[in-house]
Amino acid sequence: MDTPLTIKKTREGLLKKKYSAVELVDEYLSRINKHKNLNAFLTLSDEVAYSEAKEIDKLVGVGIATNQYPLLGSTVAHKDLFLTKGIRTTAGSKVLESYVPEYSATVVEREKRGGAIAIGKTNCDAWAHGASGENSDFGPTLNPWNKGFVPGGSSSGSAAAVAAGLSLVATGTDTGGSIRQPANFCGVVGLKPTYGAVSRYGVIAMASSLDSIGCFGMTVEDVEIIFNITKGEDGFDSTVKNVESVKPKSKLKIGIPKEYFSKGLDKEVEKSIFEAINVLEKAGVEFIDISLPNTKHAISVYYIIQPAEVSSNLGRYDGIRFGGGRSTFGAEAKRRIMLGTYVLSAGYYDAYYLKAQKVRSKMINDFDNVFGKVDALITPVSPTAAFRIGEKKEDPLQMYLADIYTASANLAGIPGLAIPSGFNKIGLPLGFQLMGPRFSENTLFELGKLYHHVVGYQPKVALE
Amino acid sequence: MAKLTKADILHVASLAKIEISDAEVEKYSEQLSKVVDYFSALSEVDTKNIEPTNQTTGLENVFRPDEVAAENCLTQDAAISGTDNIHNGYFKVKAILTERTDK
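In the order they appear, the protein sequences are chains S and D.
Residues in the first sequence are numbered from -10 upward in steps of one, following the numbering used here.
Residues in the second sequence are numbered from 1110 upward in steps of one, following the numbering used here.
None of these hints come from the bench; they were simulated from the model.
From the three backbone atoms N, C-alpha and C, an ideal C-beta is built for every residue, glycine too.
Treat each hint with caution, since some may be false.
Stated by the list, open to error - Derived contacts from chain D toward chain S, CB cut-off under 10 angstroms, selection only:
no., residue
1, D1117
2, A1125
3, I1127
4, D1131
5, N1163
6, T1165
7, T1192
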């Protein structure tokens, strides 16, 4: 059986009785088993999946009002940072190797209420620290398009699972690019919403002023559906704001920030973005060159603020109430805890942390100025397509620089959408990023859908 | 070049309650020095009269009623379910005080 590749087709097939939800779960679990060597999943939730599937088959049987269940029968894979009641949640770290949460994240609950079937928990860089998946304490995830390459990170297993057809959709977290970059490396759509659009309740915290909760799907429509189900206040995360996403204008203007097309950008990546610009231009979108002068400081600012917040958030893992002791932290977690502790310590706070927060204000100012002139920005997601496993593992600074085009959106709290646009010469996915003002997700969806419509985009699964 | 000496590494490791081996001290000293050195470009940015940002959507003082709702609380059994180090329904921790020896 070929699994349907969109939420809409999944629902239609169920309602037309082409298959049952239980049969869908059978098929996804058998695909997961067949492609075990990708190491995309850390824990399967087959019992939960079958019980949710049986519920859905019952609902379909009695002919329910299906608009109550926008995700009817869609399998969702949760990044192992999302707490799932009764299902082991590790954050990709040995510290939480045997931790079983007593409650579920808001996003997990909302997707379940929307008719989704939770199929399992996906591998990720431990505590979401990484851009390759190689920092997982449970071994790296492999890129389904070529197993010698990384799938990106930190939401590695979620991106790989969707690309390989092991789950229809997946959740992720994005603190400096952890959804958009793996989506880009695996050739799927990835959304990092506006900071505070989606509740972080029940999601293991990385860096609290940057963490954003988003998702992966094969199409822009699918991430839009998930965003609309998961967004909004829940009473448990006080940073969440109920804001009606701005309605897209009929005539849109996109800025091309010159700082994102400077040296270090791979030629094939660049060419693919300019092809996308051509496509959108012909479809009536206007483009202008703009400048975000403080972009060059993004990595410095990000790698001061983020580890500082990481060192504070990981302070709670003392091994007393749950999990292992602090000696069980892996190498990258220790590195970031120490870096963060250093930039916050007496004598260095002003020079590093406070300075970074001020430069952050300048970067935000750049974005605010530009968004007075344009509705969105188009940029690369990453300087290159997926890189080889092991290529950057021993050089943390090189790994950190992989976040160069994504970290700014987190520092400014704005949304970003990673969209696949084809493949390079050696068959690895290419794509581009759209960013917009806070709470402008609808504009990004509109542009993404327009692009895929014009090019006649057909989602494709990486593996048989 | 900014340098994190071995003493710096041992100091931050102790602040963060992280135990590290001699080999790690060496490795982290080199790796973190490189990262911190990369930050030095920031010192050239003019940030006079610029306010620091720590929240991006402009929220301030979000309040909720100070009420206990039973459905939002874990039961005692659920709260202690993550560890075997339990005594009479309480978490067991190592002693943090020692007896004075000076009197």
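Next on the checklist: Holds or violated: the hint that A1125 of chain D contacts chain S, with Cβ atoms closer than 10 angstroms.
Outcome noted: 4 angstroms, holds
Checklist entry - Regarding the hint that I1127 of chain D lies at the interface with chain S, is the smallest CB-CB distance below 10 angstroms? => result With Cβ-Cβ at 5 angstroms, under 10 angstroms, it holds.
Checklist entry - Against chain S, with CB atoms and a cut of 10 angstroms, does the hint on D1131 of chain D hold up? => result Violated, about 14 angstroms.
Item to check | Supplied contact hint for N1163 of chain D, tested at 10 angstroms Cβ to chain S | outcome: Since the shortest Cβ distance to chain S is 6 angstroms, the answer is holds.
Checklist entry - Does the nearest C-beta of chain S fall within a distance shorter than 10 angstroms of the C-beta of T1192 of chain D? => result 6 angstroms, holds
Checklist entry - Taking the least C-beta to C-beta distance, is T1165 of chain D closer than 10 angstroms to chain S? => result Nearest chain S Cβ about 3 angstroms off; hint holds.
Next on the checklist: D1117 of chain D was flagged as interface toward chain S. Is the shortest Cβ-Cβ separation under 10 angstroms?
Outcome noted: 7 angstroms, holds
Consistency note: the structure conflicts with earlier hint 4 alone.
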